[in-house]
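As you go down the protein sequences, you meet chains A and B in turn. Residue numbers are given in my numbering: position 195 of the first sequence equals residue 195, and the series is strictly consecutive. Residue numbers are given in my numbering: position 113 of the second sequence equals residue 113, and the series is strictly consecutive.
Derived from the structure by calculation, the hints contain no laboratory data. Every residue, glycine too, gets a C-beta built ideally from N, C-alpha and C. Any given hint might turn out to be false.
Here are the simulated SDA-like cross-link-like pairs (lysine to any residue), alpha carbons at most 20 Å apart as the crow flies [stated by the list, open to error]: (1) K86(B) <-> F220(A); (2) K7(B) <-> T122(B); (3) K179(B) <-> A199(A); (4) K179(B) <-> K19(A); (5) K250(B) <-> S13(B); (6) K179(B) <-> G53(A); (7) K179(B) <-> R217(A); (8) K250(B) <-> V236(B); (9) K179(B) <-> P108(A); (10) K179(B) <-> Y229(B); (11) K179(B) <-> G189(A); (12) K179(B) <-> I171(A); (13) K179(B) <-> E191(A); (14) K179(B) <-> L188(A); (15) K250(B) <-> F14(B); (16) K19(A) <-> R156(A); (17) K179(B) <-> G198(A); (18) K179(B) <-> A195(A); (19) K179(B) <-> V110(A); (20) K19(A) <-> V110(A); (21) K7(B) <-> L248(B); (22) K86(B) <-> E221(A); (23) K117(B) <-> Q53(B); (24) K7(B) <-> D243(B); (25) K86(B) <-> R217(A); (26) K179(B) <-> D182(A); (27) K117(B) <-> I57(B).
Output of the computed footprint for chain B on chain A, the stretches with three or more beta carbons under 8 Å from beta carbons of chain B [stated by the list, open to error]: (28) 59-72; (29) 166-174; (30) 212-218.
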Amino acid sequence: MGALRSILVRDLTIAMRRKADVLTVLFFFIIVVSLFPLGIGPEADTLRTIAPGVMWVAALLASMLSLGRLFYNDYMDGTLEQMLIAPQPLGLLVMGKIIAHWLLSGVPLVLITPLLGLQYDLSADALLVLVAALLLGTPILSFLGAIGAALTLGLRGGGALVSLLVLPLYIPVLVFGAGAVDATVSGLGAEAHLALLGAGLLLSLVLAPWATAAALRIAFE
Amino acid sequence: MSINWFKYSSPASFYPLAGSMIPWFTAAAVLFGLVGLYVSFFVAPLADWQQGQSYKIMFIHVPAAWMSMFIYVVMAFWAIVGMIFKTRLSFMMGSALAPTGAIFAFLGLWTGALWGKPTWGTYWVWDARLTSQLILFFLYIGYIALASAIEDPRRADRATGLLAIVGVVNVPIIYFSVKWWSTLHQGSSINFNPAGADQRALSMTDSMFVAMLLMTFCFWCYTIAVALYRVRCEMVEREKNNDWVQDLVKSGDA
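Using the sequences and the hints given, assemble the complete structure.
Listed below in structure tokens is the structure:
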């Protein structure tokens, strides 16, 4: 646990020294979300319908965009190699890195979403559910994305390749995340969707660090 | 009596075995294909009472869709075998199957679109089956892209193997999420009832069933023959510096 915390603190400290990285991803999210009304038209009814899907697709892309630096810098300067031979289990260290990634790329998106939701004329209930769904769903994106980032570590064309690997795996998160908001708007209640997202989060919390650790070992063979 | 289970896990002994198996499976594929096409065109009823003659696309479409799903599971199986026993050949089998799986997934989508136009009146519906087949196609493309991006064959083997395992864990989750998604977003323009497909399967005449079975066997044998052919090329290419390949080249059999 001490190892997990020190990895977490280390990654957050590094990120705070280079705030531009975090802000770039956040503004990418804001810009993508703002582009859709320009392309589709400003009718409030249309915007309300597409809002959950747009927010979620933008969140998937933003999370994916930031995967590149999850392991890359540590890979380049040899830190990752030290983690591989460290006495602590690699899965635990990886989990620390993934949680840091979520705190840096997922949480800012969740915090800005209510503001963007107002642009889309979402009701207060829908906004609340959207934030809850993003809060449960964005860590899953970080966990699944870490597997893709580890598999493509140091490969040419890594950025485009990781999207091919990771986006199909993101689909359930998109379906349940956007579905939660749709269900609230249509009066069905979002509990089922949120429960499924929670189940997905627990499943990926257990399995993904282990798979990521295996992928990192493969990359260093 | 002890059996050496790993005798054919060595490329040197599997290469001649695969070579002698290819003609048999090729012949079986051609035979099943010819008989299957004959039955489907001349013995099975000329036209379905509901769908007309376009139902004959089903004889290609259904086996292709089955194979595309099955091949992914087989790839994951070989990846697991390879991870456990560290057999190079298992990974080679996985990567030899991937292009065929992708072709079948594409064929399933393509023939499905051609069938959908006369039957449903549209080439594409966001139905659970179609959507999950499309995603399966994406998974194959991701696998092939990863395999071709890694230079070192050992790393490529294990990385693609891990991806296949992660994919196979996710396939049921993706399938159910898409299924629930499509029931929530009920399409209004097309009245397609999934239960109707099952009813049709039950009411299918014997000759239609036989034709479908024959075409499925044809696709099976084709897949095995092509995968063995690919894995033979792969083995020679990777082990070109080993003695057994040198001997093959000298004897002129390669």
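We went through each hint and held it up to the structure:
1. Of the supplied pair hints, the one linking K86(B) and F220(A) holds, its CA atoms being roughly 17 Å apart against a limit of 20 Å.
2. The straight-line distance between the Cα atoms of K7(B) and T122(B) is roughly 52 Å, outside the 20 Å bound, and the hint therefore fails.
3. Under the criterion of a C-alpha separation no larger than 20 Å, the hint pairing K179(B) with A199(A) is consistent with the structure, at around 18 Å.
4. About 41 Å separates the Cα atoms of K179(B) and K19(A), which puts this hinted pair outside 20 Å; it is violated.
5. Our distance criterion of 20 Å between C-alpha atoms is met by K250(B) and S13(B), whose separation comes to about 17 Å.
6. Pair hint K179(B) plus G53(A) holds up; C-alpha atoms about 17 Å apart against a cutoff of 20 Å.
7. As the CA atoms of K179(B) and R217(A) are separated by approximately 36 Å, the hinted pair breaks the 20 Å bound.
8. For the given pair, K250(B) sits about 13 Å from V236(B) by alpha-carbon distance, which is consistent with the 20 Å threshold.
9. Distance check on the hinted pair: K179(B) and P108(A) sit about 31 Å apart at the alpha-carbon level, beyond 20 Å; violated.
10. Proximity of K179(B) to Y229(B) is assessed by CA-CA distance (about 37 Å); at most 20 Å being required, the pair is judged violated.
11. Proposed proximity of K179(B) and G189(A) is supported: the alpha carbons are some 19 Å apart, at most 20 Å.
12. Restraint check for K179(B) and I171(A): the C-alpha separation of about 12 Å stays at or below 20 Å, so the hint holds.
13. In summary, the hint linking K179(B) to E191(A) is supported, as the alpha carbons are separated by about 18 Å, within the 20 Å threshold.
14. Of the supplied pair hints, the one linking K179(B) and L188(A) holds, its CA atoms being roughly 18 Å apart against a limit of 20 Å.
15. For the suggested pair K250(B) and F14(B), the alpha carbons sit about 19 Å apart, so the restraint of at most 20 Å is met.
16. Distance restraint check for K19(A) and R156(A): the Cα-Cα separation of roughly 26 Å exceeds the 20 Å cut-off, and the hinted pair is therefore not satisfied.
17. A hinted pair counts as satisfied when its Cα atoms are at most 20 Å apart, and K179(B) with G198(A) qualifies at roughly 19 Å.
18. Distance hint between K179(B) and A195(A) is fulfilled; the C-alpha atoms sit about 17 Å from each other, no more than 20 Å.
19. Between K179(B) and V110(A) the CA atoms are separated by roughly 27 Å; this puts the pair beyond 20 Å, and the hint is violated.
20. A threshold of 20 Å between alpha carbons decides the hint, and for K19(A) with V110(A) the separation of about 18 Å falls inside it, so the pair holds.
21. Straight-line distance between C-alpha atoms of K7(B) and L248(B) comes to about 19 Å, which keeps the hinted pair within the 20 Å bound.
22. Restraint check for K86(B) and E221(A): the C-alpha separation of about 14 Å stays at or below 20 Å, so the hint holds.
23. About 13 Å separates the Cα atoms of K117(B) and Q53(B), which keeps this hinted pair within 20 Å; it holds.
24. Pair hint K7(B) plus D243(B) holds up; C-alpha atoms about 17 Å apart against a cutoff of 20 Å.
25. For a cut-off of 20 Å, the pair hint linking K86(B) to R217(A) stands: about 15 Å separates their Cα positions.
26. The suggested pairing of K179(B) with D182(A) holds, with an alpha-carbon distance near 16 Å, which does not exceed 20 Å.
27. Between K117(B) and I57(B), the direct Cα distance comes to roughly 12 Å. Compliance with the 20 Å bound is thereby established for this hinted pair.
28. Check on the segment 59-72 of chain A: 0 of its residues sit with their Cβ under 8 Å from a Cβ of chain B, so the three-residue criterion for coverage is violated.
29. Here's how the segment 166-174 of chain A fares: 5 of its residues keep a CB closer than 8 Å to some CB of chain B, so the rule of at least three is met and the hint holds.
30. Beta-carbon proximity to chain B at under 8 Å applies to 3 residues in the segment 212-218 of chain A; the threshold of 3 is reached and the given coverage holds.
The structure fails to meet hints 2, 4, 7, 9, 10, 16, 19, 28 from the earlier list, while all remaining hints are met.
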